[in-house]
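There are 2 protein chains.
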Amino acid sequence: LPAMSTELLPSWGEGEAKAAIVDFVTAVTTEGSSDYVPPADRVATFDNDGTLWSEQPLYVQLAFALDRIRDLAGDHPEWRDTEPFKSVLAGDMAGVIATGKHGLAQILAASHTGMSSEEFSRIAADWIATARHPKSGKLYTSMIYQPMLELLDYLRKNGFEIYIVSGGGIEFMRPWAEKVYGIPPENVIGSSIRTRYELRDGQPVLMRLPEIDHIDDKEGKPVGINKFIGKRPIAAFGNSDGDFQMLEWTTSGEGRRLGLLIHHDDAEREVAYDRTSAIGKLDRGLDEAPERGWVIVSMKTDWTRIFPK
Amino acid sequence: LPAMSTELLPSWGEGEAKAAIVDFVTAVTTEGSSDYVPPADRVATFDNDGTLWSEQPLYVQLAFALDRIRDLAGDHPEWRDTEPFKSVLAGDMAGVIATGKHGLAQILAASHTGMSSEEFSRIAADWIATARHPKSGKLYTSMIYQPMLELLDYLRKNGFEIYIVSGGGIEFMRPWAEKVYGIPPENVIGSSIRTRYELRDGQPVLMRLPEIDHIDDKEGKPVGINKFIGKRPIAAFGNSDGDFQMLEWTTSGEGRRLGLLIHHDDAEREVAYDRTSAIGKLDRGLDEAPERGWVIVSMKTDWTRIFPK
Ligand SMILES: [Ca+2]
Ligand SMILES: [Ca+2]
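In order, the protein sequences belong to chains A and B. Take the position in the first sequence, starting the count at 1, then add 26; the result is the number in the working numbering. Take the position in the second sequence, starting the count at 1, then add 26; the result is the number in the working numbering.
It should be emphasised that the hints constitute simulated quantities derived from the structure, not laboratory data. The C-beta atom is built at its ideal place from N, Cα and C for all residues, glycine as well. Hints may contain errors.
Claimed, not checked - In the DSSO-like style, the derived pairs of lysine-lysine whose C-alpha atoms are separated by at most 27 Å in a straight line are:
(1) B:Lys307 x B:Lys244
(2) A:Lys183 x A:Lys112
(3) A:Lys326 x A:Lys164
(4) B:Lys326 x B:Lys161
(5) A:Lys257 x B:Lys257
(6) B:Lys164 x B:Lys307
(7) A:Lys257 x A:Lys161
(8) A:Lys205 x A:Lys161
(9) B:Lys112 x A:Lys257
(10) B:Lys205 x B:Lys164
(11) A:Lys205 x B:Lys183
(12) B:Lys127 x B:Lys161
(13) A:Lys183 x B:Lys127
(14) B:Lys161 x B:Lys205
(15) B:Lys183 x B:Lys335
(16) A:Lys205 x B:Lys307
(17) A:Lys307 x A:Lys183
(18) A:Lys183 x B:Lys183
(19) A:Lys127 x A:Lys244
(20) B:Lys161 x A:Lys257
(21) B:Lys127 x B:Lys183
(22) B:Lys127 x B:Lys112
(23) B:Lys127 x B:Lys244
(24) A:Lys183 x B:Lys112
Stated by the list, open to error - Computed footprint of chain B on chain A; a stretch qualifies when at least three of its residues, placed anywhere within it, have a C-beta under 8 Å from a C-beta of chain B:
(25) 48-62
(26) 70-80
(27) 207-218
(28) 254-265
(29) 272-283
All chains, please: the whole structure from these sequences, using the hints.
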């Protein structure tokens, strides 16, 4: 067993977090164990931003939206004098933020709707193929967490069905999640806008409308899980209070359960943030994790490596 | 090959319908063929009512709703004098129908909402375990079509991922679809009501609200497919004009595709209905199937057996 452990999850240090994961997986996969769970019920759900990849200094999907506004600006001369577009085009993030929720909704509508789902899928795939992180200069798809890739792989090898359950856009993630994480489109759950089936030049398309369908965050995560999967997960992984209800829903089911939160406490190798962060705020989760038996992963001490080589 | 064919789909007669199915599956699974489709993209979607099981003389879920109103009537003395409940309790179907869409919505709200998703799942599972068809006296779950069970099995053996895409309720079907059809909860797509995550005595539950979330019929089927699966099917199976857009969406994609409609034309062994039926109306589909290359299956001549032994 010790020989096995050194091969398992190689980017995880030999601490409590790794032990909790391995204990859980061993318990639920050991036939005859009272904790045994048949493969069909081994459902594990993962948040994406800040759990599988970096979300600082701003959500990748927001970077995509801002890039797309800049791309489309040539067709919209009126944007030069209209907020929130004026601030986006000036690179004035404080100005963008000052436009509030209404401004953000306008940015999302202009960048994410008005095309077919298939067109949007290509736009997102094309963007992610070349877009780079503003600080590291690396592709966003290489700003993923090596220990989490190993964890996904470990769970898959143990018969788990893995889902992304993210506040991010479902159709933004699906075009690349399989290549990057090995998670196919049908296992990606996220926030969505409404679509409408219509004929365009005689060909059917699903047009993306500027109307919210589902916000897959906080209480919306268990709702999305129940709608899309129809089973309660036995393991859930997140990094912020937006994952609180997903972990609560998961770990309050009967039998052995695992809830785990990534704590971004490594300012040197990534970014340190938690209770007061505008992005990925983790406050209630830190307070209640001990009493709820949730595992807190310190990126600083539990992970020997952050990003893939 | 002829020896194989007699073993394949044994309840299908040796006609054009069976040949079209076998030709399609052979083409998309033959490596090196120009029609080859990798397993991850072999998505097949099936309507449920009238395609996998009987829907006459009334939708099974409606029978469930009416039974449940009768079960709950003791707690609702006011129903004795209030439509649509008065007609339900009097067994007066014409009276129920006369209450129209508003009456039906009240029946659905009273029978399908106000409990948690897990409670509803148990209620549906308990009901389907004993409920019987009003004419045959058989369990509803034995009023399924043997040729379609063989087709599901044939597709699964050829690497297809199979989904139900039904106008019926997603949480009504999920509790029994795996046992009856071998289709797990996460592969069942249907109409849904909204749910709300809340704490009840400190335990989280998803409460079923009397608000429509998604109507998975007609244009709603491609919308649901895109939302839940994120891939366009290569094969779609239905029986009514409610499946028209699902077949249109499926067969207008690139490459080899299969669209198939079950025609209920066997009054002796099941029920004969199509263009003017209130349930399972098939009119436009019959007209346009030839030009669209969709297969029409005659239950009378293409199926040597209807129900399992
Ligand atoms: Ca997150
Ligand atoms: Ca039908």
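Now for the hints, and whether the structure bears them out:
1. B:Lys307 x B:Lys244: Judged against 27 Å, a Cα distance of about 12 Å means the pair holds.
2. A:Lys183 x A:Lys112: Measuring from Cα to Cα gives roughly 49 Å; hence the hint is violated.
3. A:Lys326 x A:Lys164: Answer holds: A:Lys326 to A:Lys164 is near 21 Å, not above 27 Å.
4. B:Lys326 x B:Lys161: Holds: B:Lys326 and B:Lys161 sit about 20 Å apart, inside 27 Å.
5. A:Lys257 x B:Lys257: Given that 27 Å is the threshold and the Cα spacing comes to 22 Å, the pair holds.
6. B:Lys164 x B:Lys307: 24 Å, holds
7. A:Lys257 x A:Lys161: 40 Å, violated
8. A:Lys205 x A:Lys161: 24 Å, holds
9. B:Lys112 x A:Lys257: 37 Å, violated
10. B:Lys205 x B:Lys164: OK: B:Lys205 and B:Lys164 at ~17 Å, within 27 Å.
11. A:Lys205 x B:Lys183: 26 Å, holds
12. B:Lys127 x B:Lys161: 26 Å, holds
13. A:Lys183 x B:Lys127: This hinted pair is violated, its Cα atoms lying about 50 Å apart.
14. B:Lys161 x B:Lys205: 24 Å, holds
15. B:Lys183 x B:Lys335: OK: B:Lys183 and B:Lys335 at ~22 Å, within 27 Å.
16. A:Lys205 x B:Lys307: Since the Cα atoms of A:Lys205 and B:Lys307 sit roughly 43 Å apart, the hinted pair is violated (cutoff 27 Å).
17. A:Lys307 x A:Lys183: At roughly 32 Å apart (the allowed maximum being 27 Å), A:Lys183 and A:Lys307 break the hint.
18. A:Lys183 x B:Lys183: The hint holds at about 22 Å.
19. A:Lys127 x A:Lys244: Roughly 18 Å separates the two Cα atoms, so the pair holds.
20. B:Lys161 x A:Lys257: 34 Å, violated
21. B:Lys127 x B:Lys183: 42 Å, violated
22. B:Lys127 x B:Lys112: Since the Cα atoms of B:Lys127 and B:Lys112 sit roughly 16 Å apart, the hinted pair holds (cutoff 27 Å).
23. B:Lys127 x B:Lys244: 17 Å, holds
24. A:Lys183 x B:Lys112: Violated, at about 56 Å.
25. 48-62: Since three or more residues must qualify, the claim that chain B covers the region 48-62 of chain A is violated, with 0 doing so at under 8 Å.
26. 70-80: Violated, because only 0 residues of the region 70-80 of chain A bring their Cβ atoms closer than 8 Å to Cβ atoms of chain B.
27. 207-218: Our answer is that it holds, as 5 residues pass the Cβ test (under 8 Å) against chain B, meeting three.
28. 254-265: Satisfied; 4 residues make the cut.
29. 272-283: holds (count 3)
Consistency note: the structure conflicts with the earlier hints numbered 2, 7, 9, 13, 16, 17, 20, 21, 24, 25, 26.
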